Structure formats: C-alpha cells, structure tokens
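Student: The chain contents come next:
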Amino acid sequence: MRSRLYSAIRQAYRTKWGILSLIAGGFIIATAANSIFMKGAGPVSAQAQANGESIYEERCAFCHGENGDGNGPVAPYLNPRPRDFTTSQFKFRTTVSGELPLRENVIDIVEKGVRGTAMPSWEEILTESEIGAVVDYVTQNFVPDWGTYEPIVIPIPDPPRVTQAMIEEGEIIYQELQCDRCHGRGGRADGPSAPTLNDDLGFPIRAADLTKAWRYKGGSELADIYTRFSTGMNGTPMPSFYDVFPEEEREAKLWALSAYVRSLQANQPGETSVVRANRISDPLPATPDDPVWEQARPVSIFLTGQVIASPRWQTPGVDGVTVRALHNDESVALLVEWHDPFQDTEGGGNEGDTGDTTYVNLDQFVGTAGPFPDALAVQFSQSLSGGTQKPYFFWGQAGQPVNVWKWQADGSVTESNAAGFDNGLRPQESNDITASATWAEGQYRLLFTRPLITGEANDVPLVPGEFIPIAFQAWEGSNGEAGMRMSLSSWYSLLLEKPVPVSVYAYTAISVIAVAAAEWALVRKARGGSSSGI
Amino acid sequence: MRLPKLLWITIALLLTVVMAACGGGGEPAAPDEEETGAGEAVTGPVDPATAATISGNVLFTGTAPEPEPILMDAEPICLEKHPDGAFRETVVVNDNGTLMNVFVYIKEGLGDLEFPTPQEPVLLDQNGCQYVPHVFGIQVGQDLTIRNSDGILHNIHPMPSVNRPFNVGQPVEMDTVRTFDQVEMFIPIECDIHDWMLGYLSVLDHPYFDTTGDDGTFSLPNLPPGTYTIAAWHESYGEQTMSVTVGEQETTEIEFTFEGS
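Taken in order, these protein sequences are the chains called A and B.
If you're matching positions, the first sequence starts at 1 in our numbering and goes up one per residue.
If you're matching positions, the second sequence starts at 1001 in our numbering and goes up one per residue.
These are calculated hints, taken from the structure and not from any lab test.
Predicted, not measured: the structure shown is a model, and the values here were computed from it.
Each hint should be verified, as a subset may be incorrect.
Said to hold, decoys possible - Cross-link-like lysine to any residue pairs, in silico, SDA-like; alpha carbons within 20 angstroms at most:
| # | chain 1 | residue 1 | chain 2 | residue 2 |
| --- | --- | --- | --- | --- |
| 1 | A | Lys253 | B | Met1174 |
| 2 | A | Lys253 | B | Glu1173 |
| 3 | A | Lys112 | A | Glu124 |
| 4 | B | Lys1107 | B | Ser1243 |
| 5 | B | Lys1107 | B | Thr1257 |
| 6 | A | Lys253 | B | Ile1152 |
Stated by the list, open to error - If you only want the chain B side, here are some residues facing chain A, beta carbon under 8 angstroms, derived:
| # | residue |
| --- | --- |
| 7 | Ala1074 |
| 8 | Leu1153 |
| 9 | Asn1155 |
| 10 | Asn1167 |
| 11 | Val1168 |
| 12 | Thr1176 |
A virtual CB, placed ideally from N, CA and C, is assigned to each residue, including glycine.
Between the sequences and the hints, there should be enough to build the whole structure, so can you do that?
Tutor: In structure tokens, the structure reads:
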C-alpha cells in the first residue's frame, strides 16, 4: 500500500504541478507525505534562530495565506479549507465555545497536525522553539483579539479507566443528547441533519464518521473526545454540550459519553494483503445480509483519492472498504461494505466545472456538478500469467489490461475492460456478473457473484489456489464523484481456497502409521536397553 | 473629564428618580412574561419631564412572496405546534396591510449619551423549531436567555462578525445565558440541526429599538427631545431611514412603507 502511494505521488510530482500538486493532495500529503518525505528531514537546525515570520512564509503561507486569512494559493483545492486566523475562530481548544484558544492549544495543533486534512504534523520538522515562534507570529499578527482578554478555560481532568458500564451509560447519553441527528445512530455520519450542514463560511461540511478513528480531526483518544463535547468546534456546526449537565454530574456523564463514542471505533477489521475466499459446499449467499457471510473473514482495504490523471481528486469520500469472499467451486461471491452517509441513486448530472488545473478547484466545482449515483468497482488483472508483474493499478496499461466489475446505485451493473486510464473503461458485451446492494444507516453492502470460469476471453479465470490481483474503486455521488473523480486502492490478492485432494488423506494415514511404527520401535528399544543394564 | 463629587451624586440621585418614574425603555420584542419590567430599575440620562416618543407603523405595498412552507415532518414535536402549517418568516404581511418583523431603531442622534445595561434579560425562545422572536434587539452587556422549549436538540449558533460567536447544544428543555460586548446589527442566528431556523439579533448601546408585531406598529418612548435618524430594517427589503425631530414631551407619529415586488 505504502509503496503504491509513493509511486502515485511520484507520478503526480512528475506530471505538472510539482510541489503545488503535492500540497493540494490534501489527505494524501497529510498521511503519506508526512511519513515518507519528512521523517528523514529532521529539524533544520536546533541552533537556528527561531524566526516566526520566515518560518510562516516558508511553511505556512502556501495554505494559510500571506495575511493569515486562509487564502493561500492552494486554498481552493483543500477541504476543509485552511484556517483563516483573522476570524479568531479555532476549532481545537480547551476554552469555552466561541472563545480564543490558549497558546498551548495552537502549539498542540501545529505539533500534531489535523488528521484527515492537509495540515501535517510539524513536530519532527520544526524545533520546539521554532513552533513557538511561528505560533506567536500567527496569533499576534493575524488574530485580532489575541491577548486582549483571558479566555475561559474548560478543565479537562485525567481520563478514568473505561468500564463496560460506562460505555452502556454513554450509549444512553448519546441518544439523550441526540448526537445521532448529525453523526447517525451507528456513528456513520448519516444523521437526518447531516446533509444540510455548513461551516461558518457557508461551505458544506460533514459530520465526523465516529467509527473511523482517523476521521476524528482533533484526536480519537478519550480526553480528545471529552474536550470536543465540552468546547465544541468553533466555526463548525459542532456545538458545546458542556452546560447540559449539572456541574456535579457533568464529568462522569461526559466521560461515559466519551467512552461510548470511542467504543464505536473498535469494529474495524484489520488490513491484510490477501482476501481469502473460503470454500463452502452450501449455496453461495444470495443477498448481502445472508447469514452465510459469517463464514467469511472480513478484511479492511484502504482507498485514496485518484491523483494520477486529470482531473485529480484530492477529497475522496470513500476511504476504505471491508471485503469478504466465498466460493463453492462454481462461482465466487464477494461482499463489499463501505460507509457512505448519503445514498445517491440519481444519475445524469452536470459534469461540473473542475477549473483549469489538473486538480479540481473546489471553489469552482462544488455546487456545479451532479447528481451522480454512488458506485463501486472491483478490478482484476485479465491474466494470471504475469507472475509478480501486475498491470498498472489504475485501470491497467497497454499489453496488461484489466477487467472491471462496476455497480452503480442507479441500478446499472457493467463489466468493462481497460488498458490504461487514458482510454477509460470500455464496456464488454458479455456480462457474467450479478450484483445487488443494500444501503442502511450510512452503509452500503454490495454483493457480486460470478462463475469462476466464463466463456469470455477478457474475464479473469478465478482459479483456486492462485493469488489473483484484485483492487477496488469507489465513487460517492453526493461528494461530486464521477468519472476520474474517484477513490481507488492499490492491488491486493484474492485467494480462493483449494479443494482438499484425496491424496492429503492418504498421506495423513501413511504418516500416522509410520509415526506409530517408529514409536513402537523406540519403546521396544528403550525397554530392551534398560533390562540389559541390570 | 473629571466632575466634582457632589455633581456625580446629584446626577445619580436624579437618575434614580428618572428610572423609578419611567421604567423600561425600548422593550425588545420578547414574550409577555419577560416584558413586565415596568417597575424595573433602568437608569438613563433622560429627563422624564421632557421625554418624548416616536412611534408609528410599517406599511407594505405591492405583492408579497407566497409564504414558504417548512417541511417539519422529521420533528413531530415541532409540527404539532403549527396546526395551520409552519412557514418561513422571511416576509410576513399582517392582515391590516402592515409588515411584521421590521426592526426600528435610532441610528443617529443620541450623541454621547450613555445608557446603563438593563438588568432584566431578553428571552430568545426556540419553540416549534422556530425562533421567538424572529427579529429582536438587545443592549450591550445585557443577558440573553436562550431557551429550548421544544426539548429536542437545537444548537444556538449566532454568526456575528464583530462579537465573539458561540455554538451551544441544547438537547433538552433548558436555558443558556450569554451576552454580547459590541454594538453589531442584524447578527444571523442559526440552528445547524434545523436548517430553516433563522433569526436576527441586533446589539445596541441604547434602549431605543422595537420590532413590529402582528399590528405593524412600533414605539420608541422615553426619548430626549432632539433630531434623530430613525431606521427601519427588514431582512428581505433592507433598511430605510428617516430624519425625525421631536420636542419636549411630544409624541411624533411616523410611517415607513416597504414595497414588495
């Protein structure tokens, strides 16, 4: 995964926009670039004179703007937009709703970064004194009210040990506070008010998907969650709930709620590179909700924005899918599950104005496109004879084509082929796949089935025991995704369990007999040896 | 500017008499139970012997847009409070041809007069998933009691540009008290849970403001005699101003007219 991301970024780097593209890569930069490029860079110089202004101009102004108004050259490409310091509004604070943050709150964000955004962690790039200097520069130069008064601080006590009783109480509080209005009953950000949320600047904003730890912008630990409830997030629809409880109950209630919300993060299966399809003798599951699926092990697969071909898409909606597979020697069934807070079934929308750069200019684009249906595709290498040489992970390449199964929420199910993203997907005449999907509470469950072997030359033969290259691609309609505006994974492997050959039983029997004989001989020898010693 | 101590005491005594005699100044359009501040101590630099009043009404001509219904089905508690249907309050024309929710206030003419902060709070109620009142004023530093009478989640989220904003969640029937430190007109108040909820709050440094109700009238009593710029503001039709002179103990009637499309 990481090496794929790396090559994707290098590719992006080579094409047009150079470093600008990389910064606009938003999520990718925040995660990948931070871990790949910057680790080795280290502090510039511990002795270097910490000059806030020059650090700001070198490191910050590109996003946050020369004047600190959040309007740097790449700002139109970022979602969320860079902080506009001149509004005096800061999301991550330990102060009462609407108040300025403390200096240490701003330092904290610069050190740790903001997950899921373009704001990276700077603690391994800048020294402590450099961070202090740049924070002082930002706050004293750009924040109008800075230093004019003492913000009211909300005390954040040490977190307690979480118990099951706390989590259960927290679930009741989650319902009482009606967190589900935005965050949804299961925490998947699909609440009834979620579609109409805007930030204070009027840009659409989404509630956090509480099941994904990496979507908690201000941190996913117990104390982080406690802080968010208590302080709210200035400039966003997230209010403070600090005054809801009487003072004597407040702390315990908020910890219980924090414990419950944190427990929502727990159900993500682990990531592995192989999706194993167990072989079953029963009929394959007929629906996404079939209990037979319990026989298949779920695997998490991560997706990222398509930033290889223009228009590059830096703010993907779907960042991961969970996959299960089963086969019965005749057909394979794949269950793909992913979170999408809003079900979009309508198609035929406007392409929209993506701007004149290779990345999508969100200022121009948002609101001009759609509607688009949600969609998901599974991609296979057409041939298994390539060995370790897989086709290019984004729609293959000349000489190494891919076969793509694509389902759309408007009901269309197509099999296509591609030999490079330049030429796009070419629908195939024969179609051997079936697909059916459900959507409930912010989650899609999509079932694909196909015979292991078809009569179509472009279809990958699904041979048990072979590592079959498989990849996933997703489109979230309400996020303006269609065509190249999509998210995609690198290659994983699908491994169909082989039937156990009869010879296995024969070998087992032979080895059991051989071991028994050897032991018998050994025992005899030992007995004989000890008697001769008397 | 230093005044002799004796003069200060005299002024203070005079003011005490004034406030006892006059009661509350311009009352914000709050529900009835909050308007009983008649005996309340409001001191001010106004001589009751000469105090004047500017009052009048706001007419509407032309065609008003059709009231826009609000789809409240998702909130049965609120829906029940609107037996005749819930509508946006963008333009509300009264039966007598006047315009409701016009904020009338003194824009200029008070000079350097300073007014004390009223002790009684202004009430903003969230009732039936709407703000009551829809348009209102408050004085700098005066308490704003924000009430949730619906008992379902509202978040009170004003969008000021001069004052500090805040965003407080009220998931149950409860009150939250907040104040505003700076003069600022027509601050939108929004609820992110219910995107149709919208109100406008103005923060003034004097008590001369009123909002037209279902009879379209307004009244600005207890004014020092003088010449004032009176402004009338409506969220859809903008602001009109008028210069008005009132003499001692006079009551001057004025009229604003807003025209629909």
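Student: For the pair supplied as a hint, Lys112 of chain A and Glu124 of chain A, confirm whether the alpha-carbon distance does not exceed 20 angstroms.
Tutor: 10 angstroms, holds
Student: How about Ala1074 of chain B: closest beta carbon in chain A under 8 angstroms, or not?
Tutor: 5 angstroms, holds
Student: Identify whether the interface hint at Thr1176 of chain B stands, where standing means a beta carbon of chain A within less than 8 angstroms of its own.
Tutor: With Cβ-Cβ at 6 angstroms, under 8 angstroms, it holds.
Student: Quick check on the hint: Val1168 of chain B CB to chain A CB, less than 8 angstroms?
Tutor: At 5 angstroms from the nearest chain A Cβ, Val1168 of chain B passes the 8 angstroms test, so the hint holds.
Student: Just to be careful, I want the Cα atoms of Lys253 of chain A and Glu1173 of chain B compared with a cutoff of 20 angstroms; is the pair within it?
Tutor: 18 angstroms, holds
Student: At a threshold of 8 angstroms, is the proposed contact between Leu1153 of chain B and chain A supported by beta-carbon distances?
Tutor: It holds, given that the least Cβ distance between Leu1153 of chain B and chain A is near 4 angstroms, below 8 angstroms.
Student: Hint check: Lys253 of chain A vs Met1174 of chain B, CA-CA at most 20 angstroms. Holds or violated?
Tutor: Roughly 17 angstroms between the alpha carbons, so the hint for Lys253 of chain A and Met1174 of chain B holds.
Student: Is the interface hint for Asn1167 of chain B satisfied, with its Cβ closer than 8 angstroms to some Cβ of chain A?
Tutor: 4 angstroms, holds
Student: Hint check: is the beta carbon of Asn1155 of chain B less than 8 angstroms from a beta carbon of chain A?
Tutor: 4 angstroms, holds
Student: Please verify whether Lys253 of chain A and Ile1152 of chain B have alpha carbons no more than 20 angstroms apart.
Tutor: OK: Lys253 of chain A and Ile1152 of chain B at ~19 angstroms, within 20 angstroms.
Student: If you draw a straight line from the CA of Lys1107 of chain B to the CA of Thr1257 of chain B, is it 20 angstroms or shorter?
Tutor: 18 angstroms, holds
Student: For a C-alpha distance cap of 20 angstroms, please report whether Lys1107 of chain B and Ser1243 of chain B respect it.
Tutor: Between Lys1107 of chain B and Ser1243 of chain B the Cα gap is close to 10 angstroms, so the pair holds against 20 angstroms.
Figure legend: structure checked against the earlier numbered hints; every hint is met.
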